[in-house]
Amino acid sequence: MDILKIKEKLEKENKGSYITKVTLNDEKYIQAIKITQDNFEYLYYKIENNELIPIKDEKLLNKLRELYELKPSDIIY
Amino acid sequence: MEKVENKEVEQYIKNTIASMIDSNKLFEKVYGRNFAKRRLAQNLKKVYTNEYKLDRLGYYHNINKSITLCTKNKNDDSNLTIEDIENDNKLLFSIIHESVHATLKRTPFERIKYGIGNVSTGLLEELSKGKTLGRGLNEGLTNWISSKVSGLDHTGYNDLTTLFKELEIAIGEENVMKLGKGNIKKNIGNILQMQPKELVTFLAKGDSLFLFGEQTWQLYEINFVLEECLNANLSEQEIEEKIKKLKADCPVYDKQNMDDIPTLAERKQKIDEIINSSEESRSALTTDLENTIYEKYLQKDFERMSVEGNISDGDFKKFKDLKSLIMTRIDSSQESEQNEQSSIITFLKQFPDFEKKYMEEVSKITQEELAKGTFSLEKFRSKIEALNYKNDNMTGIESSFLDKYIKQVALGLGGKNTKQTEILLDYLVRTNNLEDNDISQFSITTATYNGKTIPIILKDGVPVSRKGDYFENKHTASDKISDKFEDEFEFTLETDEDSQNIIKEFNQLVSQVKLGCPNAQITILDREIYIQTDTELTLLVIEKGEILPTKLSKDKPYKMEFQEENKSLIPVKQNKPTRFSKITSRLKQIFSQKTNLNISQIFSSIQEQDLQYVKNKQNQFRENLKYKVDFNKEDNSYQQDSKFIKSQDEER
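Chains as they are written, first to last, in the numbering used here: chain V, 1 to 77; chain B, 78 to 729.
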């Protein structure tokens with residue numbers, strides 16, 4: 001599935017806005033962002049058979065968040 | 078060395094750097110007077126220097142309110158000084174960058190008003206516990222502001238900084254500067270004209286770009302260490318220690334579960350794949366962000382003008398600058414799935430036709446204005462600025478157009494001086510000397526030798542280099558010559574036989590000149606030797622291993638000037654003004670100055686001016702009679718050896 005189709009599918013299925021592709025353990029995932037009430041959250045999907053399957057495995061999600069989401073830091077460069 | 082507190086640098090930041098930031102007009106306009114000075118007094122409590130870090134020049138600690146400057150030299154045990162800083166542009170830029178972070182740190186009042194946490198500065202906001210947004214683009218903005226206030230080229234965060242240069246083109250520099258005031262929930266969306274969903278996505282992409290950038294150093298470091306472990310015949314214990322240190326320095330190693338991979342070779346292979354994937358993501362993110370900026374603010378106008386034409390100089394310059402910025406990153410030979418669908422790639426493909434349309438309009442409008450006599454220096458300058466052609470990166474089409482355009486303008490100015498106008502204009506354009514004052518300093522004359530005529534460009538009467546490489550004088554001083562003649566001139570350092578012979582002849586020539594005229598100034602420009610004595614200028618050319626004399630033109634050097642009233646670009650007439658025209662010109666000058674002089678004073682001042690004019694002309698006439706250096710004092714050995722003297726004798 002090309003990026004344009006992924007973006008369209010995410011919007012159409014209300015699965016957030018496309019950010020980027022990310023890699024973990026040789027697998028590729030789609031990172032998207034969704035606005036919640038006065039805040040936002042990152043969502044992750046896997047592409048299988050031209051469908052966007054949300055990642056629900058907490059352990060995997062934590063690994064992805066650790067690698068691909070910025071945390072508040074006391075130090076800025 | 079451990080980091081140390083550095084009071085001297087702290088004061089330097091609070092005074093010198095703060096003044097630098099505050100004295101930038103745009104910064105002052107947006108933030109108010111002495112903003113940086115006040116904020117740094119509140120937000121900077123300590124400065125540390127000499128901390129050892131391989132991947133950083135410095136950082137700001139939001140909670141401690143400190144700036145730390147780093148060094149890559151582990152054994153450096155001398156405190157950082159102001160002199161060190163001012164001699165190192167990268168370090169200076171880093172200090173300014175961290176100072177901007179400190180300056181734009183949100184106050185407690187702002188944090189309450191915006192509903193954000195303590196880790197907030199510029200575009201970076203802590204929106205809730207554990208969540209920040211805007212960090213990536215904040216780094217680009219901070220670099221952009223630091224460059225603006227200091228005039229220095231940015232260091233680091235190249236992609237993010239370029240995005241802000243593109244944003245500047247899109248929404249203007251004042252709006253970009255305002256982004257530093259923050260408030261994602263309200264102000265930022267207004268400035269960028271984005272709804273919340275679009276804004277959050279835009280900022281999040283910037284954060285991803287930042288994150289990939291931060292990881293890149295770690296990935297390359299892991300790659301390097303694994304390569305070392307594989308190839309350097311290390312013991313198992315040594316490898317274990319290296320991997321242990323690697324995990325401490327590069328958290329990505331554990332996050333990517335590298336220890337789960339059994340062999341070093343397989344780990345190396347995996348890191349290579351991750352690096353490729355990461356670089357691909359970075360490139361795609363940057364393209365994505367550039368597409369957003371282009372589509373939102375620029376695409377509509379570009380496409381309209383591409384069809385309708387009527388492209389102003391300002392509009393053309395804007396899109397040309399945009400193209401240049403995009404091209405700093407994109408390799409036109411790259412083909413990727415993302416690029417094919419990218420609006421900025423379409424823009425790049427459409428740009429040549431857009432440029433061609435602009436060039437055609439420029440030629441047409443210029444021709445009309447030249448015919449009407451309304452073509453001015455300012456209009457010419459505006460077009461040259463819009464075209465923004467630099468010698469080292471012009472395409473063939475651009476170079477050809479510039480040549481034709483200069484010819485067109487020179488022809489349009491008319492008169493017997495078309496060729497001279499063309500050469501002078503070409504020089505002024507390529508050396509960026511089109512300001513009013515600059516133009517009046519330059520003139521052109523000619524010299525002939527061996528049946529050839531060469532142009533000589535003068536600045537305030539002194540010859541200047543006119544060869545292709547205007548921006549770089551490649552001459553370097555030869556040690557032998559410079560020692561002997563106290564660095565009075567420069568000479569190309571070459572070793573072939575022809576050049577060595579020239580150097581030998583040149584040494585002899587200089588000796589003779591200095592004997593006859595100790596104050597003579599000798600300059601080599603490209604392949605020409607100028608000898609300026611108290612009374613005259615002589616030119617010799619270096620060609621095929623010989624130094625040849627030339628005959629300088631006796632005509633007054635030709636100068637381009639313009640009428641004061643309407644700044645029309647016209648050549649100065651070679652004919653001497655008549656006494657009558659001189660008097661009327663002087664009358665005009667006097668009456669336009671609203672003088673309080675009475676009539677008799679006016680007439681006496683005219684007569685005085687007139688007399689002075691005649692005297693000046695007489696002196697010039699006497700001076701122009703002589704063009705050759707007086708070699709009466711040369712010695713015999715020089716007369717025997719020098720081809721130059723032989724030529725001179727033949728002439729006599």
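It is possible that part of the hints are untrue.
In the PhoX-like style, the derived pairs of lysine-lysine whose C-alpha atoms are separated by at most 20 Å in a straight line are [unchecked claim]:
{"#": "1", "chain 1": "V", "residue 1": "Lys28", "chain 2": "B", "residue 2": "Lys347"}
{"#": "2", "chain 1": "B", "residue 1": "Lys529", "chain 2": "B", "residue 2": "Lys456"}
{"#": "3", "chain 1": "B", "residue 1": "Lys225", "chain 2": "B", "residue 2": "Lys258"}
{"#": "4", "chain 1": "B", "residue 1": "Lys426", "chain 2": "B", "residue 2": "Lys397"}
{"#": "5", "chain 1": "B", "residue 1": "Lys347", "chain 2": "V", "residue 2": "Lys21"}
{"#": "6", "chain 1": "V", "residue 1": "Lys34", "chain 2": "B", "residue 2": "Lys274"}
{"#": "7", "chain 1": "V", "residue 1": "Lys56", "chain 2": "B", "residue 2": "Lys324"}
{"#": "8", "chain 1": "B", "residue 1": "Lys373", "chain 2": "B", "residue 2": "Lys347"}
{"#": "9", "chain 1": "B", "residue 1": "Lys400", "chain 2": "B", "residue 2": "Lys347"}
{"#": "10", "chain 1": "V", "residue 1": "Lys71", "chain 2": "B", "residue 2": "Lys142"}
{"#": "11", "chain 1": "V", "residue 1": "Lys34", "chain 2": "B", "residue 2": "Lys206"}
{"#": "12", "chain 1": "V", "residue 1": "Lys34", "chain 2": "B", "residue 2": "Lys225"}
{"#": "13", "chain 1": "B", "residue 1": "Lys481", "chain 2": "B", "residue 2": "Lys456"}
{"#": "14", "chain 1": "B", "residue 1": "Lys332", "chain 2": "V", "residue 2": "Lys63"}
{"#": "15", "chain 1": "V", "residue 1": "Lys71", "chain 2": "B", "residue 2": "Lys347"}
{"#": "16", "chain 1": "B", "residue 1": "Lys529", "chain 2": "B", "residue 2": "Lys628"}
{"#": "17", "chain 1": "V", "residue 1": "Lys63", "chain 2": "V", "residue 2": "Lys5"}
{"#": "18", "chain 1": "B", "residue 1": "Lys345", "chain 2": "B", "residue 2": "Lys324"}
{"#": "19", "chain 1": "V", "residue 1": "Lys71", "chain 2": "V", "residue 2": "Lys34"}
{"#": "20", "chain 1": "B", "residue 1": "Lys332", "chain 2": "V", "residue 2": "Lys59"}
{"#": "21", "chain 1": "B", "residue 1": "Lys496", "chain 2": "B", "residue 2": "Lys529"}
{"#": "22", "chain 1": "B", "residue 1": "Lys322", "chain 2": "B", "residue 2": "Lys130"}
{"#": "23", "chain 1": "V", "residue 1": "Lys63", "chain 2": "B", "residue 2": "Lys400"}
{"#": "24", "chain 1": "B", "residue 1": "Lys167", "chain 2": "B", "residue 2": "Lys130"}
{"#": "25", "chain 1": "B", "residue 1": "Lys496", "chain 2": "V", "residue 2": "Lys12"}
{"#": "26", "chain 1": "V", "residue 1": "Lys15", "chain 2": "B", "residue 2": "Lys274"}
{"#": "27", "chain 1": "V", "residue 1": "Lys59", "chain 2": "V", "residue 2": "Lys9"}
{"#": "28", "chain 1": "V", "residue 1": "Lys7", "chain 2": "B", "residue 2": "Lys274"}
{"#": "29", "chain 1": "V", "residue 1": "Lys63", "chain 2": "B", "residue 2": "Lys142"}
Bear in mind the hints are in silico, worked out from the structure with no lab data behind them. Bear in mind the structure is a predicted one, so any value in this text is a computation, not a measurement.
How the hints compare with the structure:
1. Lys28(V) <-> Lys347(B): holds, 14 Å
2. Lys529(B) <-> Lys456(B): violated, 35 Å
3. Lys225(B) <-> Lys258(B): Holds. Lys225(B) to Lys258(B) sits at ~16 Å (cutoff 20 Å).
4. Lys426(B) <-> Lys397(B): Holds: Lys426(B) and Lys397(B) sit about 13 Å apart, inside 20 Å.
5. Lys347(B) <-> Lys21(V): Holds, because 17 Å separates the two Cα atoms, which is no more than 20 Å.
6. Lys34(V) <-> Lys274(B): Holds, because 8 Å separates the two Cα atoms, which is no more than 20 Å.
7. Lys56(V) <-> Lys324(B): violated, 28 Å
8. Lys373(B) <-> Lys347(B): At roughly 39 Å apart (the allowed maximum being 20 Å), Lys347(B) and Lys373(B) break the hint.
9. Lys400(B) <-> Lys347(B): violated, 36 Å
10. Lys71(V) <-> Lys142(B): holds, 19 Å
11. Lys34(V) <-> Lys206(B): holds, 17 Å
12. Lys34(V) <-> Lys225(B): Violated: Lys34(V) and Lys225(B) sit about 35 Å apart, past 20 Å.
13. Lys481(B) <-> Lys456(B): holds, 17 Å
14. Lys332(B) <-> Lys63(V): With Cα atoms ~7 Å apart, Lys332(B) and Lys63(V) stay inside 20 Å; holds.
15. Lys71(V) <-> Lys347(B): Cα-Cα ~26 Å, so violated.
16. Lys529(B) <-> Lys628(B): The hint holds at about 10 Å.
17. Lys63(V) <-> Lys5(V): violated, 26 Å
18. Lys345(B) <-> Lys324(B): Since the Cα atoms of Lys345(B) and Lys324(B) sit roughly 15 Å apart, the hinted pair holds (cutoff 20 Å).
19. Lys71(V) <-> Lys34(V): holds, 17 Å
20. Lys332(B) <-> Lys59(V): Holds, because 12 Å separates the two Cα atoms, which is no more than 20 Å.
21. Lys496(B) <-> Lys529(B): Given pair Lys496(B), Lys529(B) holds - Cα atoms ~15 Å apart, limit 20 Å.
22. Lys322(B) <-> Lys130(B): Answer holds: Lys322(B) to Lys130(B) is near 14 Å, not above 20 Å.
23. Lys63(V) <-> Lys400(B): violated, 39 Å
24. Lys167(B) <-> Lys130(B): Since the Cα atoms of Lys167(B) and Lys130(B) sit roughly 15 Å apart, the hinted pair holds (cutoff 20 Å).
25. Lys496(B) <-> Lys12(V): violated, 66 Å
26. Lys15(V) <-> Lys274(B): holds, 13 Å
27. Lys59(V) <-> Lys9(V): violated, 26 Å
28. Lys7(V) <-> Lys274(B): holds, 14 Å
29. Lys63(V) <-> Lys142(B): Roughly 31 Å separates the two Cα atoms, so the pair is violated.
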